[in-house]
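Enquirer: Here are the chains, one letter per residue:
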Amino acid sequence: MAAYHIPAEDFDLLALGALEPGELQAAEEHVRGCNQCLRDMAAAQARMAIFALSAPQKKPSSQIKEQLMARIAVTPQLASTQGPTVVAGSASTPRAVDLQAPGPYVEGRGAAPIRPPRKPAWTFAWTGLILGLATASILLWVGNARLGRETEILRQETAQLQQNTAQLQQEEDQNSTLLHLFTAHDTVQVALAPASGQNAGAARVEYNSHRGLLFYSGNLPAPPAGRNYQLWLVPVWGNPISAGVFTPNREGRATIVLPQLPAGVAAKAFAVTIEPAGGVPQPTGPRVQIGAVG
Amino acid sequence: MEQQTGAQNEPLDQDLVRAIAGGDQASLGRLYDRYSGLVYSVALRVLRDTAAAEEILQDIFMQLWQKASQFDAERGSLPAWLLVMTRNRAISRLRRRDPISEATIEEASASLPYRLDNFLIQQELLGKVRMAMDGLPVSQRETLELAYFEGLSHSEIAERTGEPLGTIKTRLRSGVQMLRQQCDF
Chain A
91 MAAYHIPAED FDLLALGALE PGELQAAEEH VRGCNQCLRD MAAAQARMAI
141 FALSAPQKKP SSQIKEQLMA RIAVTPQLAS TQGPTVVAGS ASTPRAVDLQ
191 APGPYVEGRG AAPIRPPRKP AWTFAWTGLI LGLATASILL WVGNARLGRE
241 TEILRQETAQ LQQNTAQLQQ EEDQNSTLLH LFTAHDTVQV ALAPASGQNA
291 GAARVEYNSH RGLLFYSGNL PAPPAGRNYQ LWLVPVWGNP ISAGVFTPNR
341 EGRATIVLPQ LPAGVAAKAF AVTIEPAGGV PQPTGPRVQI GAVG
Chain B
4 MEQQTGAQNE PLDQDLVRAI AGGDQASLGR LYDRYSGLVY SVALRVLRDT
54 AAAEEILQDI FMQLWQKASQ FDAERGSLPA WLLVMTRNRA ISRLRRRDPI
104 SEATIEEASA SLPYRLDNFL IQQELLGKVR MAMDGLPVSQ RETLELAYFE
154 GLSHSEIAER TGEPLGTIKT RLRSGVQMLR QQCDF
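Protein sequence lines correspond, in order, to chains A and B. If you use my numbering, the first sequence closes out at 384, no skipped numbers anywhere. If you use my numbering, the second sequence closes out at 188, no skipped numbers anywhere.
Hints were generated in silico from the structure; no laboratory data involved. Please read all numbers here as calculations on a predicted model, not as lab measurements.
Computed list of lysine-lysine pairs in DSS-like fashion (alpha-carbon distance at most 27 Å, straight line): (1) B/Lys70 / A/Lys149; (2) B/Lys172 / B/Lys131; (3) B/Lys131 / A/Lys148; (4) A/Lys149 / B/Lys131.
One chain only, chain A, in its complex shape:
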């Protein structure tokens, strides 16, 4: 436990990096050895991150994602606990040369050197030629195999890039439709409250009847086993129209983004009911959230 702590009012300056270099170094050294100040530092960093959100929002070029995805396709990941790297030919690996047969001279104790019979020069020429051809064949085969692998990697990367581009386009279309939904003058905002006796959170719906655009965001507990939630648009005239079947995520948050709805339907209310898995054509289960338009 440290004998002193950084004054509370200095944490924001520390997280901003607005302390002088000497002060900064001392504070950092202290923080990294003091759990209490480390926690305060984390909280200050989170507060300072608010400023990041005040930066004017710009979208990076779509090429950046393509480049990134191409880079990660060929970049290995670091393991969480990475063991020692084994290097071929390292000290622990016996070298092939150690196992080579003895050279052309074999010397016995006290024996005279035994000289092998001399071969004619053309024998060496042929041997050299054959060895050369064999080496060239092996190199060609290795090169060919490597090219094959690289071609396959490139093919996979191209397919991945095409898929990413299509996904980006789709998301961009969805985002611009959503922006229209949120900024259009004829979009209504409807707050959904828990129905009486229901253990549900609040929700909101943004609805543009002219274009049949809808966004739902709410908090709900997990539905009973074998059941889903279903959102209903209750029109001014006619039967309720399903606006999506959903299950909240582990944190209890659920969104429905741009379900397929007919355009030009005036709504008088929105409701969420509990229905059999997969949804039903008309509501049958209990209402858990409800909100009237206007």
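Use these hints to put chain B onto chain A, whose structure you have.
Expert: Showing chain B alone in chain A's frame:
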């Protein structure tokens, strides 16, 4: 039924990070889609240079790819790491010195008191923060921006603005307080 296609339950950041640690490239793509705008905007605001901001954007996500298995969602949140690290790198590049060491950032592992993992939540929060910033007195806002986006120390800000050092420190602290109050953090 056809309405099901509209239902969307977005995977949590930590689930995507776990998938990335298992080598899933598509999950990195999803996190990139979720946060690249925020990361890029911060880097661009600091550096005012498209190419440099793009480079930082790629570096940050490359680091996430390479070190996903070391990311501990229990200790800190991904958007906090992304924003703090991006700002730090951008300032580092701009001023040729680290505002704070990356080791300290990693060790502190900040968690944001708000969510950012959804485009709409992001838009709502961005609007709120911008409104809160606009509501600050001009001198206070400028002081905060000089510290956050230009990485100036309090004495450098005092020198640049001609204000006493004590005034700058007070402005920074009270500016942060006001912003937190207005944003309900």
